[in-house]
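**Student:** Got chain A; can you put chain B on it based on the hints?
As you go down the protein sequences, you meet chains A and B in turn.
Residue 41 in our numbering sits at position 39 of the first sequence; the count goes up by one each step and never skips.
Residue 185 in our numbering sits at position 112 of the second sequence; the count goes up by one each step and never skips.
Hints are computed from structural coordinates only; laboratory data are not their basis.
No experiment lies behind these values; they were computed from the predicted model shown.
Heads up, some of the hints might be wrong.
Said to hold, decoys possible - When the alpha-carbon atoms are kept at most 30 angstroms apart in a straight line, the in silico DSS-like pairs for lysine-lysine are as follows:
(1) A/K17 - A/K30
(2) B/K175 - A/K67
(3) B/K175 - A/K131
(4) A/K17 - B/K124
(5) A/K97 - A/K4
(6) A/K17 - A/K97
(7) B/K175 - A/K97
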Amino acid sequence: MKIILTSVLVDDQAKAERFYTETLGFVKKHDVPLGDTSRWLTVVGRNEPDGTELLLEPDGHPAAKQFKAAMVEDGIPMAQFGVDNVEGEHQRLNKAGVRFTQPPTDFGPVITAVFDDTCGNLIQIAQMKDQP
Amino acid sequence: MLTGTGKRSLASLMDELYRAIADPTRRAILDELVDRNGQTLFELCGRLIMKHRIESSRQAISQHLDVLEAAGLVTTERDGRYKFHWFNGEPLREITRRWPPKKTKQNKKRKGNDP
Chain A
3 MKIILTSVLV DDQAKAERFY TETLGFVKKH DVPLGDTSRW LTVVGRNEPD
53 GTELLLEPDG HPAAKQFKAA MVEDGIPMAQ FGVDNVEGEH QRLNKAGVRF
103 TQPPTDFGPV ITAVFDDTCG NLIQIAQMKD QP
Chain B
74 MLTGTGKRSL ASLMDELYRA IADPTRRAIL DELVDRNGQT LFELCGRLIM
124 KHRIESSRQA ISQHLDVLEA AGLVTTERDG RYKFHWFNGE PLREITRRWP
174 PKKTKQNKKR KGNDP
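Just chain A, with the same shape it has in the complex (with noise of 0.2 angstroms):
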């Protein structure tokens, strides 16, 4: 068994694949239209066409929008990214007018920061010290 794809609930697709797209540097891989309004949109990232695909899924769910404020109010990011430079990503998406409710902080093993996703989400980028 093996991870190929996970979500984020989002409160409008057209605004996340912009923002996960245009701000964050994610490919569009699936863009499927479901019905009247909804799509099956994914992306992966800029150098991985065949990795884990991030679907961007609606959170049309009643319990949804509650259970997102929740995890917002609290600080808890609903989806972890990999990145090289925790420090460039802040100060790059800083300037882009991204809100971070947590800066680069130093865990140890691991760099972390928290941003929010414009969507109704907190994301925690990463850092891993020990690897390329």
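**Tutor:** Quick look at chain B alone, frame taken from chain A:
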């Protein structure tokens, strides 16, 4: 100063203060907020696990924060959709006001001022 009508409320506030700082986890929380003020519950829990090996649940840490808040050592502020925790050292002043650290100096001073 423990005077007048404020005596009882200040005394009970001091009880809350001593109770709050009597616990090592709560002292670690204050250490981390002094390191960086204004943290989410998530960041605070991460720091306690990674830097202090305190693996309490988020719920337990949240309860510790309630105790610190009752003692006035932590304030919680909402900023949009996020909730941040801030350290406030002001209540700790009452401890040194009550037991001044430079007692000998003050005694000398008092002697010098005697007529």
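**Student:** Find the hints from earlier in the document that the structure breaks and name them by number, from lowest to highest.
**Tutor:** 2, 3, 4, 5, 7
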